[in-house]
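Whenever a hint applies, use it, and build me the whole structure from the sequences.
Residues 1 to 508 in the UniProt record's numbering are what the sequence shown lists, from first letter to last.
If you are wondering where the hints come from, they were derived from the structure by calculation, not from laboratory data. All C-beta atoms in this analysis are idealised placements derived from N, C-alpha and C, irrespective of residue type, glycine included. Please note: incorrect hints may appear among the correct ones.
[Stated by the list, open to error] Using C-beta positions, here's what the derived DEER-type ranges look like:
1. Phe261 with Tyr140: 20 to 28 Å
2. Tyr371 with Leu237: 48 to 56 Å
3. Asn274 with Asn496: 20 to 28 Å
4. Met137 with Ile491: 31 to 39 Å
5. Ala302 with His110: 46 to 54 Å
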Amino acid sequence: MAPFQFPPSGASDLSPTSDATANKEDREAGIIVDDNDVIDVAAEKKYDAHLSQLTLILNGYGARLLKQLDLRIIPALVAIFISVSVASESFGNSVILNASTGDSLLQVLHMTRRQFLAVASISLVSHALFPIPSNYMLKYFSPPSWLAFLALGSGVGLMIMAASQNYITLLFFRLLLSAFSIGTGPPGVVYFFTLYSCSSFYRSLRTSLILASLPLGAAFSGCIAYGVGLLNGIRGLEGWRWLFLIEGTPPCTLATLVYLFLPSYPENATWLSNDDHALAVRRMKQESSKSLGHDKITWDGAKSTLKNERLYLHYLLTVTFSVPEQSMWLFVPTIVSGLGYDGRDAQLLAVPPLAAAFIASVGLSAVADRYRAWSMCTLVSFVLAGTTFIVQGMSQCMRYAAFMTHYVLLCFASTFTFMPYASMLTWFTGNLRDTNGTTLAIPFNTIPSVVGQAIVYIYKPREALGYSTGLYTNGAVLLVGAACVQLLRWIYQRKNRYLDVGQHPWIV
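In structure tokens:
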């Protein structure tokens with residue numbers, strides 16, 4: 001078969017046609033069909049056969065292009081997410097690391113429980129202020145340059161935290177670290193990924209491979225903390241200082257690789273052939289979210305995005321997800337410790353819940369993409385997670401004899417909590433219509449997660465054997481999120497009933 005050639009970018013058809021055929025199509029485009037016209041059934045069947053053949057050709061070229069994009073982009077983004085996750089989780093691990101010998105972070109810096117909560121929640125400032133400017137910087141500069149800068153800042157910020165001598169310095173360094181980390185988190189990376197991946201090409205599965213790296217990185221951090229505990233006292237440094245130094249090194253190294261090898265926008269991708277370059281751009285133009293790197297952001301478009309009421313339901317859904325998610329990030333080691341294990345054993349037992357979340361997230365995303373059931377998978381996950389938290393909170397026997405029961409419930413709760421993240425974001429981004437919506441709404445969707453930072457105040461030390469307040473809060477919030485999902489499904493179903501001819505349907 002002859003090589004497939006794309007017409008110029010201004011052409012309206014993707015099929016390879018001669019000039020004569022193109023002129024004929026231009027003349028035919030001017031024909032107006034009314035109710036009195038007779039449809040030629042044979043011609044219609046011939047056109048359908050031609051369209052089917054063209055679809056097969058495009059699918060073949062699309063699969064080849066998709067493989068190139070996957071091999072170039074996904075490993076880089078996964079590496080970024082794992083390194084950022086390891087850096088973020090290190091603070092939670094440092095709280096109980098070597099506590100049995102009096103060398104944990106809280107004990108060395110003589111911090112109170114209230115001061116610890118303040119340091120844990122200081123990142124809400126970064127979540128509120130930096131996602132939107134960071135996305136605009138990512139669009140203004142090239143993605144490799146901006147993401148490499150943020151990765152370098154994350155690594156350096158974490159290593160600087162090892163020099164903390166008191167509560168104030170730790171608070172400042174933690175704020176600095178979160179400012180860099182938020183840009184390399186979901187707002188920036190997911191926005192960049194939407195420029196390459198169409199929702200019709202298994203975006204949820206590919207997004208899950210990236211986002212699920214967050215719990216996977218947290219699991220790695222627990223394993224690293226378990227080993228780093230053995231370095232306590234070497235060269236006069238406590239174990240938590242070694243933890244910050246060791247886990248801050250990979251992001252610095254990764255920054256160089258990101259700058260050199262991460263591709264820019266599809267229209268600027270010099271590593272693609274001319275045909276692949278054209279197909280990559282056309283795939284994005286045919287999506288409901290038609291956002292390309294060179295598209296300009298307008299003030300009118302930004303105002304339209306801010307006034308869109310349905311997006312605020314998505315933001316509320318993010319709030320209901322962020323509350324249990326933040327609790328799993330920060331408090332899995334603490335919860336395990338409260339169930340009867342301390343120190344390095346608690347670090348190790350915090351790994352299975354997060355590793356299970358990675359596997360379940362990828363599996364659910366594959367199902368969601370296969371059946372285009374992103375919202376339904378999100379709904380089911382929210383209900384299961386909320387129910388599991390409530391069941392765990394209802395249990396009255398939280399002693400050592402019942403540890404395995406409650407540990408298993410913790411594993412299920414964390415799994416169901418992280419599972420819908422990729423499907424939820426795919427559903428959200430798939431219903432964004434232009435560059436203004438994509439560039440502004442994705443980081444704006446992250447800002448409500450600052451509410452989730454308040455989760456640190458519902459895990460009360462006096463409830464260490466059960467944390468019933470935290471468990472009931474997580475369960476109730478997740479069930480509210482399930483109600484939001486169902487309401488959004490109804491809204492999109494209703495909007496689809498009133499579509500004009502040629503309008504792209506909303507994803508239900």
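Are there hints from earlier that the structure breaks, and if so, what are their numbers? 3
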